[in-house]
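Protein chains in written order, with the numbering used here: chain F, 1 to 287; chain L, 1001 to 1122.
Heads up, some of the hints might be wrong.
To be verified - Label pairs and their computed distance ranges (CB to CB): (1) L:A1100 - F:G248: 36 to 42 Å; (2) F:R178 - L:R1062: 46 to 52 Å; (3) L:K1088 - F:V249: 32 to 38 Å.
Claimed, not checked - EDC-like cross-link-like pairs, simulated, lysine to aspartate or glutamate; straight-line CA separation at most 20 Å: (4) L:K1010 - L:E1035; (5) L:K1080 - F:D86; (6) L:K1080 - F:E222.
Because the hints were derived from the structure by calculation, they are not lab data.
In this text, all values refer to a predicted model and were calculated from it rather than measured experimentally.
Beta carbons: idealized from backbone N, C-alpha and C, even for Gly.
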Amino acid sequence: MNIAILSGKGGTGKTLLAVNLAAIAGDAVYIDCDVEEPNGHLFFKPKSIKTETVAVKIPAVDDELCTGCRICVDFCRFNALAYIADRLAVFEQICHSCGGCTLLCPEAALREEDRIVGRIEEGFSGSVKVYSGILNTGEASGIPIIKRLLNLSKKERPGLCLIDCPPGSACIVMETIRDADYCVLVAEPTLFGVHNLNLVYELVSLFDKPFGVVLNKCLEGEENPSEKFCLEKVITILGHLAFDHELGVINSKALVAARERKRYSALFSTLLASVLKEAQHEAVVNP
Amino acid sequence: MKVAVPVDDKNMETSVCMSFGRAPYFMIYDTDTKEHSFLDNSAADSPGGAGIKAAQTIVDHRVDVLLTPRCGENAAGVIKAAGIDLYKTEPQSAIDNINALVIGKLSSLNDIHPGFHSRKGR
């Protein structure tokens, strides 16, 4: 069972939720797909780390063989190749690694080389298997890392996997929820929060993913625009998390709340039960 | 000397386009013969790497000097590798900029912005 945790903006509580749900489940896999700023490992502090690098393919030219026919230059939709002063130049950052130029070169002057864009770390925090994707600073796309991360963690399934998504609703999030059986959207009780909730709501609807919402940072007696949004759209509310000072303090110390206090372990247990019930119900109704 | 300028329109009064890679046209002006022509910039609607493709067009037209208000790192890499000089335009029409270049009133473009991609070709 793959459960993706997402939100339209950063700081709503994706990692808080994903980390604590994985910790409560115990025998679970936590996958940090927020590769631009992975932080789940700060909470889990995983042990026995294994690291593997992630590379993409980029073309490399043999100047001796290149005749300057420019078939590759004309082919590249992203203009990652230019022919200047009788030499082919490759713009690595712009290349989307489609391999087309290498296939088309009539002189076989192009070959593919690896370019490392980041790494994956896997380790254990108690019985939770922790995967973190880490994109190198300055790289344009984390998608190759997410693909590898989800592929690598496939062997862990059908166990419970909690996938901590990048914020927003762009390509990188689409890649992350591709294999998700159920999506949990985390939302803040503000107008800004509703706007961002709507973005991910549209995304999961477009991908036809079953989903529910966790309302975070709820203030007692105060209006919650995100809750109102859910009620209007008839969206399942999986649970509420209060705007809780103690939870904030524990979290800011990079501790796993569900492991620190009984009341948080109870809170996240209830939430996990609610998420699993919905996800399993969906799996039965819409397999 | 053959000069290229990214421009907004295909006429002699045209202003300089604020973008090099995504300019709709380039004015090509020969300061010796006073002849001019306009090129459509096929890179204008590229999904990516517009600066590189636009620079390739400029290189292929064997210009000596490129006048532009700004230029990204990748495009500048192509332009410089081809030995084309880069000058920064002033806020005036394309032809006024060319005339300013001829009398030595334009300064070279040094503030190459990092663009949306961060590494040069090799």
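For the hint 36 to 42 Å, verify it against the beta carbon of A1100 of chain L and that of G248 of chain F. Hint violated: Cβ distance 60 Å, outside 36 to 42 Å.
Against the 20 Å threshold, does the CA-CA distance of K1080 of chain L and E222 of chain F hold or violate the hint? Violated - the C-alpha atoms of E222 of chain F and K1080 of chain L are around 61 Å apart, more than 20 Å.
Regarding the pair K1010 of chain L and E1035 of chain L, is the alpha-carbon distance no greater than 20 Å? Judged against 20 Å, a Cα distance of about 14 Å means the pair holds.
Does the Cβ distance between K1088 of chain L and V249 of chain F fall inside 32 to 38 Å? Distance hint for K1088 of chain L, V249 of chain F is violated at roughly 53 Å.
Does the structure keep K1080 of chain L and D86 of chain F at a Cα separation of 20 Å or less? holds, 14 Å
If I claimed the Cβ atoms of R178 of chain F and R1062 of chain L lie 46 to 52 Å apart, would that claim hold in this structure? Given range 46 to 52 Å: holds, Cβ gap about 48 Å.
Of the numbered hints listed earlier, those contradicted by the structure are 1, 3, 6.
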